[in-house]
Each structure stands twice: as C-alpha cells, then as structure tokens.
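Residue strings, one per chain:
2 protein chains.
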Amino acid sequence: MEWRELDLGNCSVAATLNLVGERWTLLILREVFAGLHRFDAIAEHLGISRRALSERLRQMVDVGLLERRSYQEAGQRSRHEYHLTAGAQDLQWVLAALLQYGDTHLGDPAAPPVVLRHSGCGGQVHLELHCSCGHEVAGSDVEPAFGPGAVRMST
Amino acid sequence: MEWRELDLGNCSVAATLNLVGERWTLLILREVFAGLHRFDAIAEHLGISRRALSERLRQMVDVGLLERRSYQEAGQRSRHEYHLTAGAQDLQWVLAALLQYGDTHLGDPAAPPVVLRHSGCGGQVHLELHCSCGHEVAGSDVEPAFGPGAVRMST
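Protein chains in written order, with the UniProt record's numbering: chain R, 1 to 155; chain G, 1 to 155.
Check the hints yourself; a few may be wrong.
[As the list claims (entries may be wrong)] Chain R is faced by these chain G residues, among others (derived, beta-carbon under 8 angstroms):
{"no.": "1", "residue": "L26"}
{"no.": "2", "residue": "E67"}
{"no.": "3", "residue": "Y71"}
{"no.": "4", "residue": "E73"}
{"no.": "5", "residue": "G75"}
[As the list claims (entries may be wrong)] Covered stretches of chain R (in silico footprint by chain G; criterion: 3 or more residues with CB under 8 angstroms from a CB of chain G, positions within the stretch not fixed):
{"no.": "6", "segment": "13-27"}
{"no.": "7", "segment": "57-63"}
{"no.": "8", "segment": "68-75"}
{"no.": "9", "segment": "143-152"}
Worth flagging that the hints you see were computed from the coordinates, not collected in a lab. The beta-carbon is built from N, C-alpha and C at its ideal position, and this holds for glycine as well.
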C-alpha cells in the first residue's frame, strides 16, 4: 500500500485537530494550564468577546477538555471555575510543541516570554523525539509508516 | 507579575498558530511529510478542492513552510513539486504531538493507522517531555513560568 491509498478516516492527527483545531481552543487551554480558571480573568487576558468565550468553554466542557467547579465569593452568586480534565493534561504535548517551534523559529530563542518548568524540580522542560531503540531523533529523521490500524481507501 | 498581567503579544504558541493554525495547513504538511509532493496526489488524497489547495500551497510557500521544485514528465509541461523547507522540519514536533494525543485518547491505542519511525534504525518514534535536570516529565507535572522575554501588559 502507498500513502496515497491510506484511508484517512481514522487519522489521529485529524482527530486531534477536530478536538482542538479551533484557534481559541488552544489559546484557552494555554490560559487554563497557566492557572487562569475564571471566566472574567480568561476573557480579559485573551481579549476574546464574552459571548465567544462562553460558547467555546461550553463546547470544551461538552467534549471533555474542561470541567466546571463551583465557587462562591462572599455576597456573590455561585459561579464556575474551569479546570483541565485528566485527558486534557496530555495536550501539554501539543502546546509544548507549538511553544518550542515558535521559540526556535519565530521568536527570539534567547528571550522566550514563557518557559515550561518541571513542577518537581524546577528544571526547564522541552520536547524530545525518542525512538524505541533509545535514540533521540531529529525532526528530519522521522518518517511515517503504516501501523496495525491502517486501512486502504475504498475506491 | 501574575499570568494575567503577561503581555501575550510575543507568545510563541500564538505565533506558531498564526503560521500553521489553519486546519488544512497541518493536514497538507502531514501529506508532504508522508511523501506526497505533487498537487494532484495531495488534492486527491485530502479531498480538498483544487482551488483551496492551490491557494493554501501558495501561502505556505510565501511564509517559508514549503518550497517549489520543478519537474517535467515526458511530453508534459513543467510542473512543481512541494517540499518542506529546513525550518518546517521541526513542525514534526507539532504533528507528532497531535498524532500521539489522538492515538492515546481518541483512537485505538493498540491499532494506530500510522506510526512514526526513526529513518536511521527503524525504531518507533514518540514524544517525551524532558527537563534540564534529566527527568522525563508527565504533562501534568509541567507548569509555565516567565522567561527573560516576558513583558507586562500595558494598561
């Protein structure tokens, strides 16, 4: 089978893009990862309209990226905070990849505005590609191959 | 400074999304990574309209993700192939992150349609988060911190 014959219906890249491919979704996830959990704080920092944010947060709860937690400040009505679900934690891979590419190729590599830290030891975190033989692998040395779920496109 | 005070104008995540955040862009990059370089092959495999593909390829050449190379088949006019630029190779980080998230959380982890291989040894490639102290780090143990390029939002 050649690549052009592969059925793309179960492509995991496309599936993840279906989940987080809308630009605001990843920027909202960035805010929640960074510790903003409340509607007003996210809306103000992102400069997104309250209506668009409300709609987007609702969708992100529906698909299981965020969960609502109630809080209530003295004299105010009960409101929601937004927190990452356990499944969404692994989207750090995607955010870290976007960050690392931007730092390396689009920004000033010597002066990134944001770095990632290991909460355990404080060390700076970066992404690496590793292979099952134990090599660290450069992006240019990666090639796709068919896995056990590969299906030929019906013609 | 708190996160909500950080000026997002030089955010590397947003910069990379500006470059590749349009859904077709990442899917076209996936095709070129996988070895499809010719217009007709990409159009047919992706199921994208010829007009949309043409426009998108032109933009990807303009921003330096793809480069055109001429080829000519006997009896035909000269045409272009599309190849990744050196800078675009590191977008493997982004594609690998999307793939790995989808395989883990959205697909059948035991039967991915596509795997990544190290062209040197054939070993299967995956992403890891590492810290500068040498630990492999889980997504849930990553936290953002301000880097030297952090700027406070002007009020």
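Hint check:
1. For L26/G, the interface hint holds, the least distance from its beta-carbon to any beta-carbon of chain R being 6 angstroms, beneath 8 angstroms.
2. Given the 8 angstroms rule on beta carbons, the hint for E67/G is violated: about 14 angstroms separates it from the nearest Cβ of chain R.
3. For Y71/G, the interface hint is violated, the least distance from its beta-carbon to any beta-carbon of chain R being 17 angstroms, above 8 angstroms.
4. Given hint, E73/G at the interface with chain R, is violated; its Cβ is 17 angstroms from that chain's nearest Cβ, farther than 8 angstroms.
5. Interface restraint check: G75/G against chain R, minimum CB-CB distance 23 angstroms, threshold 8 angstroms, status violated.
6. Check on the segment 13-27 of chain R: 10 of its residues sit with their Cβ under 8 angstroms from a Cβ of chain G, so the three-residue criterion for coverage holds.
7. Coverage of the segment 57-63 of chain R by chain G is violated [criterion: at least 3 residues with CB-CB distance below 8 angstroms; count 0].
8. By the rule of at least three residues with a Cβ nearer than 8 angstroms to a Cβ of chain G, the coverage given for the segment 68-75 of chain R is violated, with 0 such residues.
9. Coverage of the segment 143-152 of chain R by chain G holds in this model, with 9 residues showing a Cβ closer than 8 angstroms to a Cβ of that chain against a need of three.
The structure does not agree with the numbered hints 2, 3, 4, 5, 7 and 8 stated previously, though it agrees with the rest.
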